[in-house]
Structure formats: C-alpha cells, structure tokens
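Protein chains in written order, with the numbering used here: chain A, 1315 to 1602; chain B, -14 to 307; chain C, 24 to 352.
You may find that some hints are simply not true.
Unchecked claim - With a Cα cut of at most 30 Å, we get these calculated DSBU-like pairs of lysine-lysine: (1) B/K66 with C/K114; (2) C/K258 with B/K46; (3) B/K94 with C/K206; (4) C/K114 with B/K106; (5) C/K98 with B/K66; (6) C/K206 with B/K93; (7) C/K144 with B/K91; (8) C/K98 with B/K42; (9) C/K114 with B/K140; (10) C/K114 with B/K42; (11) C/K258 with B/K94; (12) C/K98 with B/K93; (13) B/K91 with B/K46; (14) C/K258 with B/K103.
Honestly, the hints are just simulated from the structure, not real lab data.
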Amino acid sequence: MKGEKGKKPKNEFLYFAWRNWKLRLGLAIVLFFVVLAIVGPRLTPHQPWAYVGPPARPPSKEFWFGTTMFGQDVFTQFVYGLYPVFLVGALGGGLATLIGTAIGFTAGYRGGWVDEILNTFTNVVLVIPTLALLLIIAAYLGVRSFFIQAVFIGCTAWPWTARAVRAQTLSLKAREFVDLARISAARPTKIILTEIAPNMLSYLVMVFILQFGGAILNAATLDFIGLGPTRGISLGLMMQMALLWGALPLGLWWWFVPPGLAIALLVGALYITNVGLDEIFNPKLREM
Amino acid sequence: MPLLEVQDLRVYYQTIRGDVKALDGASFSLAEGEIMGLAGESGCGKSTLGRSLVLLKPPMKYVEGRVTLEDFSLPIWDREKMNAFRFSKISLIPQYAMNALNPTRKVKKIFTDILATKGIKGSQVLPELRRRLEMVELPLDVLNMYPIELSGGMKQRVVMVLSTFLNPSLLIADEITSALDVSTQRAVVKMLVDFRDRRVVRAMIVITHDISLLYQIADSILVMYAGKLVEKGTTEEILRAPKHPYTRFLIASLPDIGVRYGERKLEGVPGCPPLLLQPPRGCRFRERCPHAFEKCLEEPPFVAIGPSGRQVACWQALEEHA
Amino acid sequence: MQRYLAQKLTIYILTFFLAVTIDWIIPRFMPGNPVQTMLSRAALRAEAVEVMRGYYLRAFGLDVPVWQQYLNFWKAVFHGDLGVSVYLFPKPVIRVIAEAIPYTLAILVPAIVLSWIAGNKFGAFAARRRWLDNTVLPLGYFLTATPYMWLGILLAWGFGVGLGWFPIAGGYSFAMTPHLSWKFVLDLLWHWFLPFVSLFLVMFGGWAIGMRNMIIYELEADYVQYLESLGAPRKLIRRYAFRNAVLPQITGLALQIGTIAAGAVVTETVFSYPGIGKLLVEAIQNQDYFLIQGCFLFIIIGVLLANLIVDIAYLIVDPRTRRGMVGEI
Chain A
1315 MKGEKGKKPK NEFLYFAWRN WKLRLGLAIV LFFVVLAIVG PRLTPHQPWA YVGPPARPPS
1375 KEFWFGTTMF GQDVFTQFVY GLYPVFLVGA LGGGLATLIG TAIGFTAGYR GGWVDEILNT
1435 FTNVVLVIPT LALLLIIAAY LGVRSFFIQA VFIGCTAWPW TARAVRAQTL SLKAREFVDL
1495 ARISAARPTK IILTEIAPNM LSYLVMVFIL QFGGAILNAA TLDFIGLGPT RGISLGLMMQ
1555 MALLWGALPL GLWWWFVPPG LAIALLVGAL YITNVGLDEI FNPKLREM
Chain B
-14 MPLLEVQDLR VYYQTIRGDV KALDGASFSL AEGEIMGLAG ESGCGKSTLG RSLVLLKPPM
46 KYVEGRVTLE DFSLPIWDRE KMNAFRFSKI SLIPQYAMNA LNPTRKVKKI FTDILATKGI
106 KGSQVLPELR RRLEMVELPL DVLNMYPIEL SGGMKQRVVM VLSTFLNPSL LIADEITSAL
166 DVSTQRAVVK MLVDFRDRRV VRAMIVITHD ISLLYQIADS ILVMYAGKLV EKGTTEEILR
226 APKHPYTRFL IASLPDIGVR YGERKLEGVP GCPPLLLQPP RGCRFRERCP HAFEKCLEEP
286 PFVAIGPSGR QVACWQALEE HA
Chain C
24 MQRYLAQKLT IYILTFFLAV TIDWIIPRFM PGNPVQTMLS RAALRAEAVE VMRGYYLRAF
84 GLDVPVWQQY LNFWKAVFHG DLGVSVYLFP KPVIRVIAEA IPYTLAILVP AIVLSWIAGN
144 KFGAFAARRR WLDNTVLPLG YFLTATPYMW LGILLAWGFG VGLGWFPIAG GYSFAMTPHL
204 SWKFVLDLLW HWFLPFVSLF LVMFGGWAIG MRNMIIYELE ADYVQYLESL GAPRKLIRRY
264 AFRNAVLPQI TGLALQIGTI AAGAVVTETV FSYPGIGKLL VEAIQNQDYF LIQGCFLFII
324 IGVLLANLIV DIAYLIVDPR TRRGMVGEI
C-alpha cells in the first residue's frame, strides 16, 4: 500500500476485521456459546444430576435434548457443562500462553547459556506426551477440581508456544528499530515495552486463542477417560457417561451428539477466528 | 526507432480507500545500448514502473498505456501471456536478490528447472554457463551448492547470471546495490556495464535511490516525483544542469557517495510528497516548489526542450527555454 | 549432521530420564500413598500377596535409602521387570503390554502416515483456489477441532449401530480365537477399520489445513516472486512451494505425536480396541498402578522412537540440516 501516509490504522483494522468472513463466523459461534453458557442454566428448572423424567427419551418439548438412561435432562447437563469449558480454556490456555511467552521470550532475548538451558528444557517437555503425563498425574490424585485440571493443562501445554515466541523474539531482535534503540542505549525493559511488545502483541493474541482451544480439547479428553474433576458436570463427562451406559447400542444419539458437537464447533470456531486474525495482521494473506 | 517505447503508462495500486495513482502516465523511450537510471524518493513510483514492465499483479492494476519492446507490443496486463516475453526478452534483477533463490535447491537445479520451462536442456548450456559465471567472477563450484551456502554478494551474482542468461533485450535492475557494502557495490556496477558492453543485454533500466551510483553507470537519468516523470536527460545534463526544481533539490541534497538519501527526508524541501489517492491538480511538486506560480495549477506536459532530446515537466523551465 | 543428531539424541535421552523419574516419583510421593493402597488391595487375594510383596521389595525396597530405591527402579526398568498386573493377575505387566502393542501400532501407524500424505496433497491442492479453499478451510478446522472420541462415537453409531456394516467393539470377534487364517485376518481388518478411519479423519483435517497455510506463506516468498518474474509456469512454482512447505509439516508431525498418542488412547476406549490406550484406561479405572506405570513408560518410548524416525526423515528431505546449516528444526 504505497503513498498512503497519514491514515488511521485503527480504522483499517476494523474495516478488514469486519470484511473478513472467517473472523465474523468464528466470533459469532464463540459468542453464541458464551451466551448459552451464561443464560443456559437460567433456561432450565432442573439440576444436571437430578432424575427428572422418564429414562432414555428422545428430544421433546419438555426435554429439549431428551433424557439420559437414568432420566436426567440432557439439555441441563449440556448448558451446565459449557461453563467449565470456558473456565478451563481461559485458565489453562492463559497459563500456557503466559509460561510459554515468558520462557520463550527470555530465551530469545537473553540468548547465550540462558537460551541454551531454557531451550533444552522446552524441547524435553515438548517431547513428553502431555496427555499421558496428565493421565498418570490425574490417576493418582484422589480429589480433582476444574481449577487443578486447568493448572495442570496450563503447565504442560506451553512448550510449542515457548518455541514459537522464542523464534519470533529472535527475528524481532534482529530488526533495525531494536538496534537503533540499543545504540541509543535505551534500557532493556524500555526496548521490550516500546519496541518488541507492540510488535508481538497480535501474535500473542493468536497464540492464546490456539492454547484456549487446545486446553478445551485436552480437558475433554481427560474428562472422557474419567479423570476429570471429581465433582460437577462437563461435556467430556457427558460423553463418557453416554458411552459407559450403552447410549451407542441403544441409539440414544441425543445424549452424545450435543456435547461433542459443541466442542468441535467451539474449538473449530476459535481456529477459524485465528485464521481471520492472521489475515488481518498479515496483509499479504488477504484475499484480493 | 528506439528499443523500448513506453506510452502513457498508468498503473494504480488497489487499496481499500480506492486507487493509489502510483504511476500516473509515463512516456519515455530507451535507445539501443542505453543504460537509463530511474531515480526519485521512495514511493515516487519508480519501482512500480520497473515492476509493471515485468510482473504486473495485484494489488497493482493496469489502467492504460502501451509498451513496445523491439517490434513486440508487450501484453503487460496479461500475467499469463507475458510469460512468453519474461526472461527471454525482458528480465529483472530484483531488489530482494539475496532471497530470490529457492533455499532448498542446488543452484544448478534452479538453473536447469527454469531453463527447462523455456525448452532448454541444462546439459546443452553448461559451457555457456561456465563462461557467464567467469564473467561475474564466480567459481564453478557454486552450481553444486545450496543458496544458503553462498554469501550475499555471491547470491546476487548468481541471480545476475540467471536473469541475463537468455540475453534479454531489456534488463531491469531494481535497487540491487542497496544491501551491499561499498566495494561489492562497485564490483556489481562494473558487471552491469559489462553486460551491456558485451551485448548480453541490449538496454538496461537501473532503479535506485542512489544518484551517485548512477553517475558511475548510467548514460541517462529519468527522475520521477509522485507518480509522474519530471525530467529526463543525459547523466551529465541532469547532474550538472538540472532543470526541474525537484531534480535540483535531489542533486543539491546529494550526500557522500554510498549514503542513501531516500531514507531520510529531503533536506531543505519543506513538506512531503502529496498523497496519491487523490493527487492535487496541476504540478505535483507545486506545494513544495519555491518557484511555483499560478500556471503551476495546470499540469505541466513532459516535453522535449532542446535538440538533445532532453525532457522536463515544469512550466518555469519551459518558459526559460522559450 | 552429526551435531544435529547428537542434539536430538541428547534431548531424547534427557526426556527418557525425566519420564522414568516421573514414573518413579508419582506413585511414591502423591497424597494418599497409592503404593500402600495397592498393596492392601492385592492383599485381598491370597496368592497375589506373595508375588506383589516380592516385586515390591525388589522394585521399591522401602527399607533402603531413597536414592537406592531410585537406582533399583532403574535396574528393574532395564530388565523389563515392570511388576505384575493386579487387574490381570498374575500376568507380568510387560507381557500384558506386549500383547497390546501390535493393535495400537496397527491403527496408529497407517493413520499417521496416510493422513499426513493425503492431508498434505489435499491442502496443497486447495490453497489459493478460492472456491475450494473457502469450503475446505472451515471443514478442515472443524475436523481437527473434533475430539477424537466424539468422531469415534459418531462413526460407531452411524456405521456400526445404524448401518450395521462394522462392529463397534473389540479387536476381533468374540467367538474367535486368534490364529492364522484368512478368515481371522479379515475379521481383524473388519474390526480395525472404524478406529483407523476415526483417527485418520481428525488428523487429515489438521494436515490439510497446515499445508494450506504453509503453501500460502510460501507463495508469498521472494523466490516465488522471482520465478514469476522469470516467467516460470504455475506448475514449477507450485512444485517448489510444495517441497518447501513439506519441511515444516514434518516438524509439525514431530510436535503432534504426543497429541496423536492421546487420540489413540480415547479412540481405543471408544471402540474397546485392545491396544495400549484401552489398557491404560482400564488400568486407571482399576487402580492397577504397575500397569499404569508400564503403559506410561511404553507410550514415552513409542513417542521418542517416533520422534527419532521423523528427525531422520527430516534429515533426508532437508539438505540444509544435512549440511549442518541449520542447528535445529
């Protein structure tokens, strides 16, 4: 875009954001589920584990998503199960982003032996299959909560972020404006805050979105295996219950379709939002 | 008959705010054997001009104009049809020559792959390739190396050999020295002249920020400002006796050799170039020009003054001449 | 090249060391003293007590100092002595695992390899073809966002329960005993199909999108611009771009192996497919700690080996690492 000085970049960002169908679609779906998670529990008179109706009924006016083998209301379980999805996603994803950024940034910015050590550590944790590790930890923990689950996920999911942030820092460090700042003897914290951080912010937003989605999937898997929180309801737990109590051979599809579909839609929407953001931040990727 | 003739070429950039008139009507010609320097501040449209002759693609948009090279009318608006002329008739040494080679292919493979698309077998041209590499003082070993194993200067020379391998009629060199140190710059410049002297290429357009570089190499200089041609003349004429007030500023602010002025704002010229989204009527340099008078509200024509073929687009210069 | 491999091997050895240590620490220092629990559970079966106590003394040796316990554990690991399964008593853990491994490999290896190849081809094909791109993209993201178990459940429901084409549980028919005959092999394949497809599909979406994004980045690279300036046809440009885009996809494969292993665990659970994953889940449900430890160890070993294979593949494909130009991928 040549010869276009003096325009307001904020407007341009909003313009492209609105024009980008990927961003609109992704955000719309995410927003839909957020609203459902907030409003949902008020739409239903039941409690998730209460036996409120006849067993194994298909969706009806009274039970929107049908009932389980035991006569629990699937819709109630579903909307109550959405809340922990966002909790674990935000907390676990946020923690992973934070740890990954801190480690990756320190390694990339400091370089030398600090980089050597942090990078090796990152690579080691990267190779360990996260979920297997979570499994054996969770297996030995008697009492588990959503909070603990989120913390564990956050503590194991950071390595790829650390690697990506490290690479990003290295490339930013090599750019002219940082050199200039350094020649003019600005303090490191100042260089970081005024030169590097603004350039990396868009990138970190996208990393967080990916970590958010990843944390949701990890939590669902743990819940499904039966290593989720010991109290409360979650979408993964719903799927485990459905499979455990014969929803498959009995054809009680309303029991297992909604929770999985919600996760797939939500996480897929997060990913698509990310592609949209990428196109906005990277003019080269825009469709012409 | 000139080798290259460009008539009233207009190429815009499409943006969300409408078309940026980056090249707004350019007419000039190039004689056989001529090395023409194309100079101006960044954003003046000189790179747009160079690029649109070779690879015109979005967000660039062809508006109008004709380009004739030798006897061919170039279909520059048609990306596919231009393939017949690229490389063989008109070729480019790009600004990004350091990154222009696929990092995961050996140099030799890059040559044979691209030559194959023109129906030429790599094995047939090996002797010629050897000769060309010698010309730019590259050892033969580079053929068996990966681009990342070469230094920046070596990569640049490989690109020079590749771009000129089919003896194109016109070669466009776009800011090719900006990433090089001074001594390498000098060597590269010498090679470019060599290409012309040995008739590897028939004419050349050298796009640069660096007017002092043009002094060493160019026969003529074309100066651009805000999407318009403002002055063309022989190198001597432009450097010794610039007619257009903008050219005068450009020469006056000429720093020591090797320093690129385009990265700083022009010294002594108040204001900055107009936005090309909706350029002002009349002379585009008007608002910064110390000699502007009411006539400058009208657009000055880019016309020849004097017998030497010198051209200028300035009312004042025209009046002086008349 | 040597440096590259040495670096990688160092990381793997460190990882293995760390994993075994975790495997040793967790049952000992977790709240609730799981080892004690296990012993008291084993005590319910008279014949188990002696065996368990024997292993317990050998591997845990609680009467010796902690560092010696740790060394003893390493000794046991190297002898393949992972204890005895409580839940499948009296089978040694190592044998239980050995029987499960072929099933896991049978669904994982083809699913990984085929989805990687097909996904890459398809993603490259879709990139920058607007109509295809705009349909493939949301679909691909939806697929990789799908929890493995949910896709498995859907497939089992549709093709198993609904259409009745495939069985929904087991590695082979209940009525059969494993032997070598066409009938049994066909039966194996019949049971293998759905878990395989389920894994394949989720991964396929991921690879297709990854490739699509990589190609788009590559097509913006300077060398592509240059090729275009030289009038190179689309075919050559796409070939170069594909080749270069495959490299990060190989790295991506290495990064994904852990996630894929997790996918296999839940997929096996859905289909009651007798691999390591199902074994692990059963071990967890039955609090069979030796079996849990063993499964974890083998998953780690498998992941490390897979990483090593990917590294070697990368070495073969990327000339830069071969010539020692790039320190790491």
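Evaluation of the provided hints:
1. B/K66 with C/K114: Judged against 30 Å, a Cα distance of about 74 Å means the pair is violated.
2. C/K258 with B/K46: Holds, at about 24 Å.
3. B/K94 with C/K206: violated (52 Å)
4. C/K114 with B/K106: Measuring from Cα to Cα gives roughly 67 Å; hence the hint is violated.
5. C/K98 with B/K66: violated (72 Å)
6. C/K206 with B/K93: violated (55 Å)
7. C/K144 with B/K91: Status holds; Cα separation ~24 Å.
8. C/K98 with B/K42: violated (67 Å)
9. C/K114 with B/K140: With a Cα-Cα distance of about 65 Å, the restraint between C/K114 and B/K140 is violated, given a limit of 30 Å.
10. C/K114 with B/K42: violated (69 Å)
11. C/K258 with B/K94: Holds, at roughly 16 Å.
12. C/K98 with B/K93: violated (55 Å)
13. B/K91 with B/K46: This hinted pair is violated, its Cα atoms lying about 35 Å apart.
14. C/K258 with B/K103: Satisfied, since the Cα-Cα distance of roughly 13 Å is no more than 30 Å.
Consistency with the previously given hints fails for numbers 1, 3, 4, 5, 6, 8, 9, 10, 12, 13, ordered from lowest to highest.
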